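Hey, can you work out the whole structure from these sequences and the hints?
Chain order of the listed sequences is B and V. All residue numbers for the first sequence refer to my numbering, where the first residue is 1 and numbers rise by one. All residue numbers for the second sequence refer to my numbering, where the first residue is 1 and numbers rise by one.
Simulated from the structure, these hints should not be mistaken for lab results. Some hints here could point you the wrong way.
As the list claims (entries may be wrong) - Computed spacing ranges between beta-carbons, pair by pair: (1) B:Val55 with V:Leu73: 22 to 32 Å; (2) B:Ala33 with V:Leu73: 47 to 57 Å; (3) B:Gly118 with V:Lys190: 25 to 35 Å.
Model, not experiment: these values are computed from the prediction. All C-beta atoms in this analysis are idealised placements derived from N, C-alpha and C, irrespective of residue type, glycine included.
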Amino acid sequence: MRDDLIDLLWTGLLETLYMVFWSSLFALAIGLALGITVVVTERGGILPIPILNKVIGFIINTVRSLPFIILIVILLPVSRFIVGTSLGPKAAIVALSIGAAPFLARIIENSLKEVAGGKIEAAKSVGASPVTIIFRVLIPEALPALVRAATIAVIAITEFTAVAGAIGAGGLGSLAIRFGYQRFREDILFATVLVIILLVQIIQWTGDLTARSIQQRRFKRE
Amino acid sequence: MITVQQLSKSYSTTKGATIQALDGIDLHIDRGDIFGIIGFSGAGKSTLIRCLNRLEEPDTGSIIVGGQDIMLLKGKELRQARQKIGMIFQQFNLLDSRTVFGNVAFPLEVAGKSKAEIRDRVTDILELVQLSDKAGMYPSQLSGGQKQRVGIARALANDPDVLLSDEATSALDPETTHSILELMKDINRKLKLTIVLITHELDVLQHICNRMAVIEGGRIVETGTVDKFFIQPESATSKRFVHIVQNYYANRFLVEGQGAGI
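Here's what the structure looks like:
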């Protein structure tokens, strides 16, 4: 173990957290919008627009079928356009957000579809508009499932940041490749892996705790 | 209060066949009546009641509720009309994310009422359904009968003219069914509410309905008073229903002698 270990790890961790936080936020926003649109626009949904449904479904499937590392390469010009560079954590956030959003859209779609159709009918029967149904019925009813879905996604994004690190995004992944692998610094390699494992555990634990506390409030027994 | 004319609805199955769920339904329901629609499974009764507030979209026909043709309404107009047609369900369909108070407040929020109005109205209506002490509880903490009371409170929140009951007591035990029926009778009287209910339970008809219709194969095969249905059933379907009861009594008589009953 050498003196620079802690410094390197700390910088890497901060970069990773920075990327994970912003990517998750953007991916969640895009994924939520796509997921909700897919659910409500399908045939028999609360705002059926089958054509829009098909188009969005196609886009989601297309992006999801690309391996992430290839997606980053394809999105390099987009990153350059949006944040002005194709290197570093900021550029990675663009690719990470776009790459993770379709995946999130699908798990959010599944969570929303778990909401019993009867609850939506009941809301319709009192005269609720589609927007009211989305924001006051669908999302609140699916909230515990949505929190779990978000947890899965944030962990997936954490993994992706490590992959993005391989092509110059910075963060813990890049640290492990550049120092641990290319410069034979095994101490850095192991330390990085350890930090990533801890990070994922903390994310999962936080997600579980949040989902459980929502559920306990709703399903508490006297 | 409600006049239905030539209402038809068909479904197309995945195999390309069409099923005629409702076939030229004509129906008239008086203001303040408790009107029962009875039929065996698959007769189309559920489709019929769900057409009355257009949860189910009919193909043709007219549905006039309180002088307004529901079939001609679109978007916002339809949503406003629905505020005056309450509905309760077999599976209650309460929101698990909201307390009893929140569930009853939901239709009022939809109607754009102020917080103070909502608080007053919910308090009143929970008193009416005898659930004042449960306002802060979540649906999962309630019994089936209590859940249906919340369902009724929610349906009544916007002071509707009509209450539609889609098998509201079919998931409840006999004792709870009885108390829910008593509550429906009570609100019918107090609020001058017209109630339309569908059921396959003869007890429910006997207990609260004045007039009724029998539905079979998507058609109304008989209408009239509940008494006439039991004493002088005309259609084959009504006879089948009544015979089921009569056979039961006859068998009980044979097995247990005079005086046997339920």
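Against the structure, the hints come out as follows:
1. B:Val55 with V:Leu73: 22 to 32 Å: 30 Å, holds
2. B:Ala33 with V:Leu73: 47 to 57 Å: For Leu73 of chain V against Ala33 of chain B, whose Cβ atoms are near 30 Å apart, the range 47 to 57 Å is violated.
3. B:Gly118 with V:Lys190: 25 to 35 Å: About 28 Å separates the Cβ atoms of Gly118 of chain B and Lys190 of chain V, which means 25 to 35 Å holds.
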